[in-house]
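Colleague: As a plain string of letters, each chain reads:
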Amino acid sequence: MNGPRHTGGWGARIAIARRDLLEFIRDRRAVFITLVMPMAMYPLLALSSTLGIRGAITELDNQRAEARLDLVLSGIDAEAFAARMAEVANRGSEPPEGWPGSFTIRMATEADAQSLLDQGAADAWIAVDQGSMAGLDGDDTVPLDVRLSSVRPPGRHVREHVVTVLRGVADDARQRRLARAGLPASLIEPIRFAFSGDEHPSGTTTLREILPTAVAAVLVLLALLTATGAFYPAIDAIAGEKERGTIETLLIAPCTAFDTVCGKFLAVFAVTLATLLANVLSIALTSSVLVRLLPLGPGSGLHAGGAAACIAVTLVAYLGVAAVAAALCLAVTAAAKSAKEAQNTLTPVVMLIAALAASALLPAAETRRWLPVVPFAGQVAVARASLGAFGDRSAADERTAAHEAAEPSGIAFGLTASLLSSALLTWLLLQLTAGLVSDEEILFRGPDAAGGGIRRPVPRTVPSIGQGFAATLAGFAALWYSQAFSPHEFVPALLVQQACAVLLPLTAIAWWQRIDARATFSLRWPGAAPSGLAATVVAAILLGVGLFLAGAAAALAVWGGDVSEEARNLAERLVDLVRSAAAWQGVLLLAVMPAVCEELLFRGWLLSAFAGERPAAKRAAAAVVVQAAAFAAFHLLPERMPQTFVLGLVLGWLTLATRSILPAMIAHAAHNATPVVLIATAKADDLEALEAGGSAALPPWVIAAAIGCLVAGGLLLAAVRVGRQAREQ
Amino acid sequence: MIEVGELVKEYRSGGGTVRAVDGVSFTVHQGEMVGLLGGNGAGKTTTMRMLATLLQPTSGTARVAGRDVRRDPLGVRRTVGYVSSTTGVPDRLTPRELLDSFGRLHGLGPNRRAERLARLADTLALGGFVDRPCGRLSSGERQRVSLARALVHDPAVLVLDEPTSTLDVLGSRDLLDLLDLLRAEGRTILLSTHRLHEIEHRCDRFLIISGGRILADGTRAALTAGRRGGLEEAFFATVQPETAS
Chain W
1 MNGPRHTGGW GARIAIARRD LLEFIRDRRA VFITLVMPMA MYPLLALSST LGIRGAITEL
61 DNQRAEARLD LVLSGIDAEA FAARMAEVAN RGSEPPEGWP GSFTIRMATE ADAQSLLDQG
121 AADAWIAVDQ GSMAGLDGDD TVPLDVRLSS VRPPGRHVRE HVVTVLRGVA DDARQRRLAR
181 AGLPASLIEP IRFAFSGDEH PSGTTTLREI LPTAVAAVLV LLALLTATGA FYPAIDAIAG
241 EKERGTIETL LIAPCTAFDT VCGKFLAVFA VTLATLLANV LSIALTSSVL VRLLPLGPGS
301 GLHAGGAAAC IAVTLVAYLG VAAVAAALCL AVTAAAKSAK EAQNTLTPVV MLIAALAASA
361 LLPAAETRRW LPVVPFAGQV AVARASLGAF GDRSAADERT AAHEAAEPSG IAFGLTASLL
421 SSALLTWLLL QLTAGLVSDE EILFRGPDAA GGGIRRPVPR TVPSIGQGFA ATLAGFAALW
481 YSQAFSPHEF VPALLVQQAC AVLLPLTAIA WWQRIDARAT FSLRWPGAAP SGLAATVVAA
541 ILLGVGLFLA GAAAALAVWG GDVSEEARNL AERLVDLVRS AAAWQGVLLL AVMPAVCEEL
601 LFRGWLLSAF AGERPAAKRA AAAVVVQAAA FAAFHLLPER MPQTFVLGLV LGWLTLATRS
661 ILPAMIAHAA HNATPVVLIA TAKADDLEAL EAGGSAALPP WVIAAAIGCL VAGGLLLAAV
721 RVGRQAREQ
Chain U
1 MIEVGELVKE YRSGGGTVRA VDGVSFTVHQ GEMVGLLGGN GAGKTTTMRM LATLLQPTSG
61 TARVAGRDVR RDPLGVRRTV GYVSSTTGVP DRLTPRELLD SFGRLHGLGP NRRAERLARL
121 ADTLALGGFV DRPCGRLSSG ERQRVSLARA LVHDPAVLVL DEPTSTLDVL GSRDLLDLLD
181 LLRAEGRTIL LSTHRLHEIE HRCDRFLIIS GGRILADGTR AALTAGRRGG LEEAFFATVQ
241 PETAS
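Chains W and U are the protein sequences, given in the same order. Sequential numbering of the first sequence, starting at 1, is according to my numbering. Sequential numbering of the second sequence, starting at 1, is according to my numbering.
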């Protein structure tokens, strides 16, 4: 029997990782699904998409070859005009450039011509009035009325073809006029050009247009498939050990729970990394095959150095995908008792990863400088930008904000930010997993079936943490789905949004859980004495006004006029609403209603769910931060998130400090009412000047007023609190 | 070697708490093999899990080889070997690989690991299947591998929670013979089982636990003194005095 030995730390982590990897590679099915399937998937996808692309190109070519124009002419000079058109078309060995492949002309009366247009039997009708030909052969400008059919089949370039045909007739008339005047034809033809050399194969242009989108989609797929590499080993690592009864043996090993989790993470990360390498190898080989199969044309694709740089950047960036996916899967499966339960809990993780990765493809996403720190989206964005930086970009590319991200320095910044954020998130997830793995309730509770499925829970004073998340998810889901039936008008849309996204889910979940509404929503007066109540109300108003002014000043300083189209549209609609309605209506709709509804959800339900009934200081602080983050996310627009996050922090603290939701409602209403009052009382000239100025900074007195309001509000609240404590003693 | 004082463990259940272990106190001296006897839900497993540092006591003290389970859990883990009826072995690893990995976890060097493996394979008769995946072993063989895993770091104390419950009569006898050997080597063993007759003549002392409390602590002779029958009758008389004959 031996004395103490050095145990734990990296030695234990590596021993656990080694053991888990050994177990993983003995599971042939898991190895096949994790490593071999991706190798087969890309060739299959490429083959099917190549066939599709080639088919589409062929169809496009056929459409172009079959391009035809059915004209109908009316009027006295119609026949002579048609003859002139035919003469122009048949003058050379080939019709003039841009002429339709097939070209028919019919003569008709005006009534018949209209009828042919309405039936789609003709593409265009040209009315050639009497004297048109005389004017054409003379020195006049001949007016022609061209009407297009509204029922012509898609794919026909009627307008372009009609313009080409009429320009051909006009060129012919010009040359006739020059000849009549005894002037050389070169007078109106200073340049004559001819093309030579190899033209791109048919369909190349179309293919090159769709290629960046296809590559971006592959990067999203790569993120998703890399993450799926973590699924099987993560399920096996903790839930599988619980199922087999082997987790106890690890938890009584002489190392900390964090060491155990780190060891398991190393094993899952190694498998995920192998999945990433298998995917990248398959993509690289498949791309080489595609370059030969598809008509990409000369000079297309990446040169060898560029391709290597792109692959290197993608691999380094996707280390973050592998790490976060491995840690996330471990954290999620750590709460599961069995492999089946773990599989069920991983389903929403797949959806989350897919949604985040795909969000990097949103329009103008590459212009968001913070995008690299977003898990899964950031790595896709960095890899996509590397294609722009090291790929075959033309020197004439416009240097826009979007392209700055694709500069090598931008790549380096994005890559660093992405790796740092991935490392931080991974560490946080591993800490969470360590807590879950050694949680006695999770470790030794019965199987999930003992929960009894869907059953109305026993009444609670305040909601549980799970119910806090459930209300948040229900709110987001309602916010999304309500768009399907939300009216287009701004005011009804606002009412529907608040009712569907806040009140309905909240009412439903509160009824289901049978919570104590007074405790959950902090429905109490903030101060006992009338003076304390009045002082709290004044303090809340000052804080609300001060927070808006400070937030607006900060937003203008950071964003300036460089805000998204969505943010600009929202601001314009708000200004229109305030200017078109009475001030009280604006205050009611934009300030009072959101203050009541959103406070009930965030400072009522969420805060009490995350903080618990009698929260300790740390848990209360965490609850304030989590509900503020949800509050910020609920406002959707990235430009507004920092401001709403700070507002959420202050309102959360205000609710806990006063033990009442009313001050938060008042402060929120004052925050939202401030711009309404400012716009309603501003002169039209001032507003126009502000709109024209775009990024104009707020005057110094506004910043001074903001600071004054915040300080005065804070001091007033502190005084109320001191008074209350004195009374309580 | 094991000193337990006023040990309490409470669980959350529904809206309230359940006291699974309610002020348990006992001592197991070095080289002793002590049987912890009790019905289902008596508090045996919870007590043993606290001694193995799998559960945190709500209050009270527990020391294993002089180390406090709350203050020095890693120290306790270095000196204790734990096996329960639900402890499994990984199906896809061989006993050799399993013991090697736990040897690494306990900080043993390559030579020491090889030496321990050879010793355990000899003592526990693992030789015939040491390179066969554990998934292909019988329940008796798996339980022997599990015991080998608990012994790989040469612990001074063994905590065994119903180690024979999955074994047949022959397998149980083999395992208990092994425990006799281990006690002879000077190890301290705390053992729980429902099969009282199996350990009646093997343990030095018995602790009878019911409702989370120790109701009796003594040798077989002391517990059966003045009563007809053996340990089983003494157990019934202790936990259900009103129904005892």
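Because the hints were derived from the structure by calculation, they are not lab data. Just so we're clear, the structure is a prediction, and the values are computed from it rather than from any experiment. Using N, Cα and C, we set each Cβ at its ideal position, and we do this for glycine too. Treat the hints with care, as some may be off.
[Said to hold, decoys possible] Every beta carbon over 10 Å from chain U, so not counted as near; a handful from chain W, in silico:
1. A12
2. A15
3. T141
4. T256
5. F476
6. L523
7. G723
[Stated by the list, open to error] Here are the simulated distance ranges between beta carbons:
8. A355/W <-> D72/U: 30 to 36 Å
9. G135/U <-> K340/W: 48 to 54 Å
10. G218/U <-> E440/W: 28 to 34 Å
11. G109/U <-> L281/W: 35 to 41 Å
12. D72/U <-> S288/W: 56 to 62 Å
13. G466/W <-> G218/U: 45 to 51 Å
Colleague: Does each hint hold? Answer for all of them.
Modeller: Quick rundown of the hints versus the structure:
no., hint, verdict
1, A12, "violated, 5 Å"
2, A15, "violated, 4 Å"
3, T141, "holds, 89 Å"
4, T256, "violated, 7 Å"
5, F476, "holds, 30 Å"
6, L523, "holds, 23 Å"
7, G723, "holds, 37 Å"
8, A355/W <-> D72/U: 30 to 36 Å, "violated, 46 Å"
9, G135/U <-> K340/W: 48 to 54 Å, "violated, 19 Å"
10, G218/U <-> E440/W: 28 to 34 Å, "holds, 32 Å"
11, G109/U <-> L281/W: 35 to 41 Å, "holds, 38 Å"
12, D72/U <-> S288/W: 56 to 62 Å, "holds, 59 Å"
13, G466/W <-> G218/U: 45 to 51 Å, "holds, 49 Å"
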